[in-house]
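Trainee: Use these hints to put chains B, C and D onto chain A, whose structure you have.
Number of protein chains: 4
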Amino acid sequence: MTARGKDSIVLLIHCKDRKGIVARVSGFIHDFGGNILDSDHHTDEETNDFLMRMEFATEGFQIPPGDISAAFAPIAKVYEMHYDVSPSNRRTRVGMLVSKQDHCLADLLQRHRRDELHIDIPIIISNHDTCASWAELFKIPFAVYPVTKETKPQQEKQVLALLKEHQVELVVMARYMQILSADFLGQVACPVINIHHSFLPAFIGANPYRQAYDRGVKIIGATAHYATQDLDEGPIIEQDVIRVGHRDTVEDLVRKGRDLEEVVLARAVRRHVERRILVYGRKTVVFD
Amino acid sequence: MTARGKDSIVLLIHCKDRKGIVARVSGFIHDFGGNILDSDHHTDEETNDFLMRMEFATEGFQIPPGDISAAFAPIAKVYEMHYDVSPSNRRTRVGMLVSKQDHCLADLLQRHRRDELHIDIPIIISNHDTCASWAELFKIPFAVYPVTKETKPQQEKQVLALLKEHQVELVVMARYMQILSADFLGQVACPVINIHHSFLPAFIGANPYRQAYDRGVKIIGATAHYATQDLDEGPIIEQDVIRVGHRDTVEDLVRKGRDLEEVVLARAVRRHVERRILVYGRKTVVFD
Amino acid sequence: MTARGKDSIVLLIHCKDRKGIVARVSGFIHDFGGNILDSDHHTDEETNDFLMRMEFATEGFQIPPGDISAAFAPIAKVYEMHYDVSPSNRRTRVGMLVSKQDHCLADLLQRHRRDELHIDIPIIISNHDTCASWAELFKIPFAVYPVTKETKPQQEKQVLALLKEHQVELVVMARYMQILSADFLGQVACPVINIHHSFLPAFIGANPYRQAYDRGVKIIGATAHYATQDLDEGPIIEQDVIRVGHRDTVEDLVRKGRDLEEVVLARAVRRHVERRILVYGRKTVVFD
Amino acid sequence: MTARGKDSIVLLIHCKDRKGIVARVSGFIHDFGGNILDSDHHTDEETNDFLMRMEFATEGFQIPPGDISAAFAPIAKVYEMHYDVSPSNRRTRVGMLVSKQDHCLADLLQRHRRDELHIDIPIIISNHDTCASWAELFKIPFAVYPVTKETKPQQEKQVLALLKEHQVELVVMARYMQILSADFLGQVACPVINIHHSFLPAFIGANPYRQAYDRGVKIIGATAHYATQDLDEGPIIEQDVIRVGHRDTVEDLVRKGRDLEEVVLARAVRRHVERRILVYGRKTVVFD
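The listed protein sequences correspond, in order, to chains A, B, C and D.
Using numbering that gives the first Met the number 0, the first residue of the first sequence is number 0, and each one after it goes up by one.
Using numbering that gives the first Met the number 0, the first residue of the second sequence is number 0, and each one after it goes up by one.
Using numbering that gives the first Met the number 0, the first residue of the third sequence is number 0, and each one after it goes up by one.
Using numbering that gives the first Met the number 0, the first residue of the fourth sequence is number 0, and each one after it goes up by one.
Only chain A is shown next, with the shape it has when bound in the complex (with noise of 0.2 angstroms):
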C-alpha cells in the first residue's frame, strides 16, 4: 500500500475546509524539496471537515524529520489545523490486552514476526494466564492482573502504569473481555482499538453469536473500532462478514467469527499504525 522501499514522512492533516489547502501544503512540501508519493482528500460536505493523509519521500527533504512538525506548525496555524507528522519508517509501540482467548493475539504476533506491520510490542497484558506460552514463545513480556468487580480500579491502575512504564502509543484489546472504565480511557493517553464479536450495531454487548444465532441471521461480522467510553459505540475502523446457514451451530459460528476478528483487527492495526485513520466525529476516514 505504501511506498516501501523508500524512506517517507506521512502527514495527516484534520481542519475545516478552506480555499487553497492542498496548495498550501503541497506547496510547503516542494518548496523544501520533498516529492509527494501519495496523496489522498477527503472533504465531508455535510460537516465542512477536510480530512487529508499526504506521503513524500525523506531523501531530498531539505528539513530534518525531528524538525518538519515545528516547521509546518505556522501553516497549521493559518488554517486551525490538527496535524501529526510521522516517518513512516517509525515502528509504534504496541500494549496488548488479552483475556482467555488467544486466537487475535496469537494472529498479530505472528503478522509481527514475519514483520507485517510495523509495530515493536513491547508488552502482553491480561487478567488470565491462558496466554503465556505465546508470550513465552515471542520473547514478549507477560504481565498478570486478576480482575474481579471490586478490584477493578485498583487492576487498572496496575494496567495504566504498566502501559505507561512501557510508553505504549497504542492498545490495543485482542478479545480483552473486560469493558475498559471511563477513568482508564481518560488516562490511558492513547487510542485504544477494541474488536467486537459482531457486525455493529447490530448484537451489542455479551455474546453476540449467541445472539445472532438466535435471531437466524444469515452473515455474521466481525468490527474493529475506536474505543470510547460508551461500549460499542466507537469509531468503527473495519468490518467484515462471512455467511451462515441453518447448519451452524452457535460454536459454528464462533469458530467462523474467530477468522473474521483475526483479519478485521489486523486490518485495524495496520492502518493505524501506517497512519491511514483520521478520527472526526464519531467516524473515521480511512485512506487506503
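The hints are simulated quantities; they were obtained by calculation from the structure and are not laboratory data.
Treat the hints with care, as some may be off.
Once the Cα atoms are required to be at most 30 angstroms apart in a straight line, the calculated DSSO-like pairs of lysine-lysine come out as [unchecked claim]:
hint	chain 1	residue 1	chain 2	residue 2
1	A	K282	C	K5
2	D	K76	D	K15
3	B	K5	D	K99
4	D	K255	D	K99
5	A	K255	D	K99
6	C	K15	A	K18
7	B	K18	D	K15
8	B	K148	B	K99
9	C	K255	B	K5
10	D	K5	B	K282
11	C	K138	C	K151
12	B	K5	D	K76
13	A	K138	D	K76
14	D	K151	D	K138
15	C	K255	D	K255
16	C	K163	C	K151
17	D	K5	B	K18
Remember, predicted model here, so these are calculated numbers, not experimental data.
Mentor: Just chains B, C and D now, with coordinates in the frame of chain A:
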C-alpha cells in the same frame, strides 16, 4: 438448483425429531415408484425440530399429483407433521405491493419476463401511481389505493379484498413504505415477504441508510424477511452486503443499497416459490 | 462519491513522475480561485507513472470551463502530461451495442431513467431485433444491423457511421455477442467498454459459464474491461464474484451471472463517465 | 455443522443413480435402530451420478461401528456403490508438507491446538528447516529432506516412507513449493490437498501474485484442491477472494493472499476430515 427439465414434486416436512422419519418418507416415495431427485434435511438439536425438503420425479410415481397429499396424511399423522406437497412446476400467484420507488418492482418484473421465477403476477397494488408505467409495460393490472393515517384501516381492507379476488398466494412488499397492521397480517392468509434496506437487526425502522451513514459503518446490507406483527423482526430469509467508504454520501448508500435490495428480494422470492424455506420459531431453514 | 450538488471540474493527469507536480497543479487551481473538493493520486513505483484525479469547484474559479484546458496547457507541456478537463455535470453520450440478451441493457436503461448515471443514450444498435421493446419503452432510437461472417466488414462500417452520426463518446457492449474487429476499434475514436461473463483471465472466449461448470469452480465472476484488439485482454475496470455450489447447473450459473454482469458493467460505466479511470499499459487506475 | 456432542457415523455413497437408493439406505439405518441426524444428497443430471452423505447417531445403532461397513456391503453391491463408513469422532492422521513459508502451517497448527479440526499431526516434512520452530513449539516430529532436481526421485521416496511410517491418511501441502511427481501421487495411497495461491484456473503455475498484478485484476483469490498429476488441475474443494486496488503492490497481494490461503486451506481440510467431500470426475461435491 432444482431438477429442471423433469417434472417433480416437492415435499416439505416439519415435525419434532423421532427415529425413522427419513426411512418412512423415502419408503413411501419408493413404494409408489418415485425417484428422489434431491433431499436435504436438518435437525435443530437445541429445539429438536426436524425439517426436511424432498423432491422426487413425477414420472413413474403411481399417485396422481392431486392425491399425494391425502395419501401421505396417515404418515404425517403418526409423526405429527406439518407438511406441504407441491408440483415444482406449479406457478405461485404473487401480489406485489409498492410505493414510489420502482427498482425492486422493475427487477422482479424483468426476472418474471425472462421466466427466471416460477410465478404469475395477477396484481400490483400501490399507494401511489408512480409505478403505473411498469404495470402497463408488462400488462399487469395496477390498483392505486392512497393511504393516510385516517384511511389506513379502510385502505387495508381494499388491498385485502383485491389480493383475495386475485387468489394471491404470496404477497411481496417491493419497497412498500407502509407498515402492515396486525389485522392485515392476520387476515391475509398467505405469507408476506418484505425487503428491509439494512442489515437487520442493525438499523431497524426509518431511514436505515441515514442511520448507517451517521454511525460510520464500513459495510451496508439488505434483508429479506417474512413480515410479522413485530416490525422488522420477522424470520430472515436472505441478507447480503456491500462495502462503503468515507467518500460515499447518504445518496451513494441509497444507490448501492438499491442493487442489494433487488438481488436479496429476488433470491428470497425465488426460494419461497421453489418451496425451499421452512419457518420455525423466528428462524428459517433455507434448503439451497 | 463526488461533490454532488456543487458544479465541479474534473482534471485527470497522466505523466511520468517528477517532483512538484501536485504543488504545481494545486497551485494553478488555487491561483485562479478554485477550491479543491477531492484529490487522489497514485504513483506506480515500478513504471514511474504518475496518475492523478483532481476535482475542484466551478464556483469562484476565474477561468470559464471552456478555457481551462488551454490555460492548463503550458503546465502540461512542462511535465509532458496527458490530461483531460471535464465539467462533472457534462453528460457523456453513450452508444449501446446489444445482441439478444437484454438484461444489461435493461439494467442500464433503468439506471439512466432514475438518473443514476450521468449519460445520454442517443442510440442503441443490435444485430437482432430482440431488444426493440426496451428502446421503444425508453424512447431511444434503435437500429438493427444483422451480421454474418461475410457481411461483418460492411456491418461494422454501418455501426461506425451511426455511432459517429450520434456523436457517441463511449461505446458500451452490453452483452454484444460479436467480436469487434481491429479495424472497428481503430476507427471508433472513443473508448469501448465490454462486459465479459467470467472472472478474467479465467475462461476467456466462448461459453465461460459452461467452462466454469466443467472445471467445478466454487465461485464465478464477471469482468468489465476496455475492449482492445486482443480479445478479453483489455485493461480491467471492475470485477465481482458470487459463490456457486454443486447443486447449481449451467443454467443456474447463467442466472447468477446475469446479476453480476449488470452491476459490474454499471459500475464500470459509472466510473468512466465520472472520469475516475486512467488507463496505463494494460492496467487501470480507478479513483473511487 | 455436524451433530457435535453426539457420537455419530458418517456414510458417504457414490454410485450411478437408480430408484430407491435413499429409501434403501435410510431403511438399513432405521432397521438397525439408527437415528439419522443429517442427510444430504445430490444427483448430477448430466452424468447420472448419485452422491450422498448421511450421518446417524451411534447411540442405539445395533451394529458396532467396526462392523457397519461389512453389514452394508450387500446393499452397496446391489447398487454398485463406492462407499465409506467412518465414526465422526475418528481423528484423521495428517502429514504436513511445507517449504519456507510458515503461515498456512502455523494457522493449521493453531486450529489443531484449539481442537478446531478433528486431526492428529504425526509428522511435518519440509525441504527447508525454516519451520522447525513451529514443530518444536507444538511438539510434532519434523523431518527435513532438502531437494534438488537431481535428488528429487530419492527425496520423494524418503518422504513417502516417512508418511507411510506415520500411517498418514491425508497429506496437506501447506505451501509446499515442490511439484509432486506422478510417481509420488501414484504411491502415496491417500488424498493430497494443495493450496494454490490464485483463483484457479486463472494464473496457473509460478508466481501467481505477480501474474495477477501484471494483469491488473481487481480481485485475487486462493484455491484448495486435491493434487493430481495435472498441475493445478485437480478437483477444486474451496475458493475465496479479496479485492485489490491500484495502490496494492505485488507484496501487498502476497500479504492479502496469505490470509486467504490460510482460511481456504483450513476449510478444505476441515471438510475433508469431516467426510463432507465426494470427488467425481474432476469435480467435488461438498456437503456443507
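Trainee: Indicate, hint by hint, whether the structure satisfies it.
Mentor: To see whether the hints hold, each was checked on the structure:
no. : hint            : verdict
1   : A:K282 - C:K5   : 24 angstroms, holds
2   : D:K76 - D:K15   : 12 angstroms, holds
3   : B:K5 - D:K99    : 53 angstroms, violated
4   : D:K255 - D:K99  : 18 angstroms, holds
5   : A:K255 - D:K99  : 28 angstroms, holds
6   : C:K15 - A:K18   : 28 angstroms, holds
7   : B:K18 - D:K15   : 28 angstroms, holds
8   : B:K148 - B:K99  : 18 angstroms, holds
9   : C:K255 - B:K5   : 21 angstroms, holds
10  : D:K5 - B:K282   : 24 angstroms, holds
11  : C:K138 - C:K151 : 28 angstroms, holds
12  : B:K5 - D:K76    : 28 angstroms, holds
13  : A:K138 - D:K76  : 60 angstroms, violated
14  : D:K151 - D:K138 : 28 angstroms, holds
15  : C:K255 - D:K255 : 27 angstroms, holds
16  : C:K163 - C:K151 : 18 angstroms, holds
17  : D:K5 - B:K18    : 15 angstroms, holds
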